[in-house]
Amino acid sequence: GSTGPNSYIASSGHHARIASSACNTRIGSAGEGVKIGSSDGTAQIAIAGDSADIFSSGEDARIVSSGEVSQIASSGEDARIATSGGTFGHLHDGYDVYIASSGSNARIASACEYARIEAVGENAVVACTGGVSRLVLGEGGCAVVSWQDGTRTRFAVAYVGENGIEANVPYCVNSEGQFAKIEEELQ
402 GSTGPNSYIA SSGHHARIAS SACNTRIGSA GEGVKIGSSD GTAQIAIAGD SADIFSSGED
462 ARIVSSGEVS QIASSGEDAR IATSGGTFGH LHDGYDVYIA SSGSNARIAS ACEYARIEAV
522 GENAVVACTG GVSRLVLGEG GCAVVSWQDG TRTRFAVAYV GENGIEANVP YCVNSEGQFA
582 KIEEELQ
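Residue numbers (the numbering used here): 402 to 588.
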């Protein structure tokens, strides 16, 4: 763990638990089952292992994950999140990667297949080249998501407030490349 500013933390073992409450912290980990939490601004977090859980509540967080079966959550403004794993294993709910960001101006890039992305802060931008199983955008949000038309890869584009796209409503991309509301049952 770390509590002082400008800290560097590195881990190379499986099931590491790393926490930081310092600003300008840089955290790197190369192991499976890693859990990382950061609570102050400008954290930079990089993971190269499967089954990672990453949580950040500070502003300007930079989070990168390249492993399968990741869960990433960020609540600070101006977060930048990138994922490239997520093609084999599945979380308990049947999905590979779950990304949630509630801060405004988030930028999320995902190359994962069947990602679940919730970017509910204002003016979030999402780019997903592996498709999504569920996407939720906040006010002013926009997204570009790849889909297959049977011949080639195409991109569907959504802007909250245009073409019937509503804030805080879950969508998927249908077989015609249109964003379609997901009707979810209350539990």
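Treat the hints with caution; some may be incorrect.
Unchecked claim - Label-pair restraints from in silico Cβ distances: (1) H416 <-> E585: 31 to 39 Å; (2) G414 <-> G551: 20 to 28 Å; (3) G541 <-> Q579: 14 to 22 Å.
No lab work stands behind these hints, which were simulated from the structure alone.
From the three backbone atoms N, C-alpha and C, an ideal C-beta is built for every residue, glycine too.
Notebook entry, point to check: Does the Cβ-Cβ separation between H416 and E585 fall within 31 to 39 Å?
Noted result: This hint holds: roughly 33 Å between Cβ atoms.
Next item on the list: Note whether the CB distance of G541 and Q579 lies within 14 to 22 Å or breaks it.
Entry: 21 Å, holds
Checklist line | Outcome of range test on Cβ distance (G414, G551; 20 to 28 Å) | finding: Violated - the Cβ-Cβ distance for G414 and G551, about 45 Å, lies outside 20 to 28 Å.
Checked against the numbered hints listed earlier, the structure breaks hint 2 alone; every other hint is satisfied.
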